[in-house]
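K.L.:
Here our numbering is used: the first residue of the sequence shown is 9, the next is one more, and so on.
Hints should not be assumed to be uniformly reliable.
Cβ-Cβ distance ranges computed for the label pairs, FRET-style [said to hold, decoys possible]:
(1) S343 / S139: 45 to 55 Å
(2) G252 / K290: 51 to 61 Å
(3) G370 / T196: 25 to 35 Å
(4) D353 / P152: 33 to 43 Å
(5) R265 / D446: 34 to 44 Å
(6) A281 / A64: 39 to 49 Å
(7) G79 / V250: 29 to 39 Å
(8) E216 / D353: 13 to 23 Å
(9) D257 / E337: 17 to 27 Å
Please keep in mind that the hints were generated in silico from the structure rather than gathered at the bench.
Glycine included, each C-beta is placed from N, C-alpha and C at the ideal position.
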Amino acid sequence: MKTDLNSSRRALLGGLALLAGMSLQAQPLPTASPESVGMSAERLGKITTMFKQEVADKKLPGAVVMVARKGKLVYAQAFGGQNDAAGAAMKPDSLFRIYSMTKPLVSTALMMLVEDGKVQLTDPVSKFLPSFKNPMVSVGTLDPVFNNISFKLVPANREPTIQDLLRHTSGLAYGELTRNPLVRDAYTKAGVFKPTLDYDARELPGPEMADKLGKAPLAQHPGTYWEYSLSVDVQGRVVEAVTGQRLGDFMQQRLFRPLKMVDTGFHVPADKAARLAEAFPKDPATGVDNKLIDVSRPPGNDSGGAGGVSTAGDYLRYCQAMLNGGQLEGVRILSRSTVGLMASDHLGSINTTVNPGMLLLGTQGYTFGLGFLVRQGDGIAGVHGTAGEFMWAGYAGTFFWAEPKEQVCAVYMSQAPSPVRAYYRRAMKDLVSQALVD
């Protein structure tokens, strides 16, 4: 056992030494020993043990894990392969398709416009995207005789607002998740959904995508249900309509460059292509083909809901800025009050098609804020954490959280779009929390 613990400690120190050897520009955060910020290097070594075993068992192709406390990087490890076909090992600066972890970044960009006085949370979406005016809703009615549900279109009780987009109560849906056939069919005709592995909605020009989606029926009356949806793609179109800039350009100007997120964007340029992580050809858990989006060229539209690429280090800088109340190294992206508003409960008694915590972690105890999942209390949830922490994840196996009460933030990056993703998210939460000793 002592040998195992010493090996874990050496691996941890080796990972931090590797980061120390990187250029200052590429270092995500200043490094420190875990003990100096109230964490145990020995206990953090359990992360190393677990992920080395997962890679050895061929359950994961590879992963990068970074943990920070009190603004200091205390754990940074790369495991397994970045691209097995090319024989490339995973590295701390490997690039990942972050899919839905793009969402918090885009919500942050939209909240910047709220702070600029150009957008208000109560504004109807149609103020910026006219096709969202006077929406119709596909409503289901149960036939008690034949025990089936029929759907018809009715006028919406009200229009969706910017707040609805941010908290996923807009009435929008995802074609692959909704059980509403009229909505799914409308999304298919609009070109924003196609039930095939090679489907990629990023090929639609942004204005066309927004126009077609706005004319499709809603799955719920706005403000009545939380339903995970294309709302953040629409947020991106709102940002573009307000600023007159492409979404990626605005985010580079206001978020990525200020925070020195040097590898984050909506595609991977040719000179960085060798750093892009890939999934196994088939999912080890199901045998299903893994098909990830092509990020080698600029897309038709910068998908606010799923189009981003980033590194663990870049995303950790964003997490730390949010944990700091909207600033990092003297650069402020949002006010402390705005971050607090985003990390608050914005659902209240609103119904959910599926509980947000169940969707992400397979457990209750969470609500939704403006852009991410928010923990409601220290208890209830079946995973370590504290009230007020906020987090989200991505389809291909990425995950982050920021925990203000413990001054901890962490990022897990992999390219493993498997049904066991929630297991790795819970494992990360538990393994990092058990390493807190002061």
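K.L.:
A separate judgement is required for each hint: does it hold in the structure or not?
P.N.:
Hints, one by one, checked against the model:
Under the hint 45 to 55 Å, the C-beta atoms of S343 and S139, about 32 Å apart, miss the expected range. Against the hinted window of 51 to 61 Å, the Cβ-Cβ separation of G252 and K290 comes to about 44 Å, which falls outside the hint. As the Cβ distance of G370 to T196 is approximately 30 Å, the hint placing it in 25 to 35 Å holds. Between D353 and P152 the CB atoms are about 36 Å apart, so this pair conforms to the stated range of 33 to 43 Å.
Judged by the Cβ atoms, the range 34 to 44 Å given for R265 and D446 holds: they are separated by roughly 36 Å. Between A281 and A64 the Cβ separation comes to about 28 Å, which falls outside the hinted range of 39 to 49 Å. Between G79 and V250, the C-beta spacing of about 33 Å keeps the proposed range 29 to 39 Å intact. One distance hint, 13 to 23 Å for the beta-carbon pair E216 and D353, is violated here, with the actual separation near 35 Å.
A hinted range of 17 to 27 Å for the beta carbons of D257 and E337 is consistent with their spacing of about 23 Å.
Going through the hint list in order, the structure does not satisfy hints 1, 2, 6 and 8.
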